[in-house]
Amino acid sequence: MLNNDLRMSGKAGEHDRRDGHAPGNRFLGRVVACSGSRATIAAVAEQGGTDLTELWSVGRLISISVGRNRVVALVYQMNTGSHAWGEGEDNTFKIETELLGEVRVDEDGREEFSTGISRYPYLGAIAHRIRSADLMRIYDAGEGTTAVIGKLTQDESIDASIHIPSMLSKHFAVVGSTGVGKSTAVSLLLHKAIAANPKLRVLILDPHNEFAAAFPKHAVTIDTDTLDLPFWLMRLEEFAEVVFRGRPPVPEELDMLRDILPEAKRAFRGSDNSLVRRTTEKSSITADTPVPYRMADLLALIDERIGRLEGRTEKPFLRSLKMRLIAAINDPRYHFMFSNNTISDTITETIAQIFRIPGENRPICTFQLAGIPSEVVNSVASVLCRMAFEVALWSEGAIHMLVVCEEAHRYIPSDPTLGFVPTRQAIARIAKEGRKYGVSLGIITQRPGELDQTILSQCSTLFAMRLANDRDQEIIRSAIPNSSISTTSFISSIGNGEAIAFGEAISVPMRMRFSRVEENLLPKAASANSKHSEEDPDTVDLRKIVTRMRAVTVGPDISNFQQSYASSVTSSDEADAADEDLEAKPYAPPDPSSAQLESYRRELLPQAPRLDPAVSPSIDPRLDALRREMRREEPVFPRPAPPTDQPAISRREPGTSLRESILKKPLSSLYNKD
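Just so it is clear: in the sequence shown, position 156 is 156 by UniProt numbering, and no numbers are missing.
Any given hint could turn out to be false.
[Said to hold, decoys possible] Here are the computed lysine-lysine pairs in the BS3-like style, where the Cα-Cα straight-line distance is at most 27 Å:
(1) Lys432 - Lys199
(2) Lys151 - Lys192
(3) Lys151 - Lys524
(4) Lys544 - Lys170
(5) Lys217 - Lys199
[Unchecked claim] For each label pair, taking beta carbons as the anchor points, the in silico distance ranges come out as:
(6) Asn330 - Asp255: 32 to 42 Å
(7) Pro537 - Ser492: 33 to 43 Å
(8) Val508 - Val546: 53 to 63 Å
(9) Val148 - Arg110: 22 to 32 Å
Everything labelled a hint here was simulated from the structure, so no lab data went into it.
Quick caveat: nothing in here was measured; it's all calculated off a predicted structure.
Heads up, the beta-carbon is just placed ideally off N, CA and C, and yes, glycines get one too.
Could you build the full structure based on these sequences and the hints that come with them?
Written out as structure tokens, the structure reads:
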């Protein structure tokens, strides 16, 4: 929107009339006290009337005439001297205001707002309602790059606008309690941002899977089904977070992993293309180098170390590390990391998909984290934030990146002992150095008191919505430079969709209401995005819910297999019956398109080989008799009589063990001489 449209939105009316002390005028009171940053105004309500007092309210802007200039002040407190109200008599009350700036009038008549004050109000200076034209000058963020995001609460005929380049050149934050409209406000801001800067690339870390519905035409959605995030993109600490399931790693196992990973990466170079080999040969490979490797090579190197004669003290840790790796590989929740698509060198395709290079008219990527295991979320967030910074860094300013962190207090908590250190470091690096390389950060949180204050202080633009917690309010007051308690004293009482905007994108703090977003562009979770299902708790298929909970889409049900196997080995009679049924019922493979999983059949269990009595046994009868006697079994086949020159080997002398009786027999008796 052009700046001229902003100026035409306000209508001059009663606010601009200045006709002395006549009814309906703009006269409010006179200055009775003034300091460097605040002023006190006294006014009189004649005969107990409230016509004048209705024009005052906390959070409104007024102007004080000082010569040709007009000083702008914000009301933050009102009271009567006697703390009582007299009916039918004059009531004197006082208004406490904070001085914000002044509207200067040049010699040529041109008016301009400035945050500095050249002449302070004098005692007796007239305070009056502010003009609509002055409000537009105050909140005019600049020409050509102004974006209207709502209306002023004080005067809804005036647009609330922000300067998009100033908001994106550094960082911004949106804070507020649950249900006040943070996600809706963020979607509105992002729509304005990509409209003002089509080259902008936005990555949204979406833990609730709700932003995909807000950008149906401008975003691609990446979830666990469409995600192939190779495990070799992770650094050692990030990979250890996955292997040890979020628990502190064992130092000995971590040191071994640090030593073995470079060897596995070097082993992969022999099977890779020549370009990758030439690139990796220029520099030494470490455990943090994003070079592909195979998990099979890593496990083979561990087995090789286990098989060595030396280093016996290391073998228990090596076996434990191997079991952890195998458990992570076999976990179906980690399929997006260890799938077949992550074996080859796909770093270019991964970066192109996540960071929209090229964008193909979809510059936003909503990365859904709800389906990712909780112990891996921190590692995934660390990889994405670190890659965003490195992509912008090595592109030398060609790519402008915006990383939006929903529920940011989960990744960068105020307590340094909590959270994942690599994630905190990656986000802190963006907050401290990102503006130099074209990486911006968007922080969204409902608990600013639990957020790292160093990162919050780096946000140059902040939209503070309703906050009920006293600690959160105090954090906002301390995080905003050049602010006072008067500016944020009413944060706890503003309505839904309202916010107090501070920072470089806004010339002065303003209380505003965000514009309403179309119904089809509202952020909503995936379950709420679709229409309400006709199913209810009485008709819903619980098996599908359990299958999704277990993250198993294909394959037999393990519990059914265990039950069928246990029942099949209860008695030998049941096993024989199952063996007879095997000839009558040939096995038919299950239909993969069928949604219902077929239970495991007992006839498919491994059976012991059966010998037909009509067929002569393939082993020597005497050796068979010896084996049966060792097992203390009854003979199945009739045993032929031993030759007359050889004693029977199936009998042992009384008082001797089976082993002693066998050792006393000649060796020639164990094989058939014929």
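Do the hints match the structure? See the list:
Under the criterion of a C-alpha separation no larger than 27 Å, the hint pairing Lys432 with Lys199 is consistent with the structure, at around 23 Å. Note on Lys151 and Lys192: the hinted pairing holds, with a Cα-Cα distance of about 15 Å set against a maximum of 27 Å. Using a Cα cut-off of 27 Å, the hinted pair Lys151 and Lys524 holds, with the two alpha carbons roughly 24 Å apart. With a C-alpha separation of about 46 Å, the suggested pair Lys544 and Lys170 falls outside the 27 Å cut-off, and the hint is violated.
Pair hint Lys217 plus Lys199 holds up; C-alpha atoms about 16 Å apart against a cutoff of 27 Å. In this structure, Asn330 and Asp255 break the distance hint of 32 to 42 Å, their C-beta atoms being roughly 25 Å apart. For Pro537 and Ser492, the Cβ-Cβ distance of about 39 Å falls inside the hinted range of 33 to 43 Å, so the restraint holds. About 56 Å separates the C-beta atoms of Val508 and Val546, a value consistent with the hinted range of 53 to 63 Å.
Checked against the given bound of 22 to 32 Å, the beta carbons of Val148 and Arg110, roughly 24 Å apart, stay inside it.
Violation of the numbered hints given earlier is confined to hints 4, 6; the remaining hints are satisfied by the structure.
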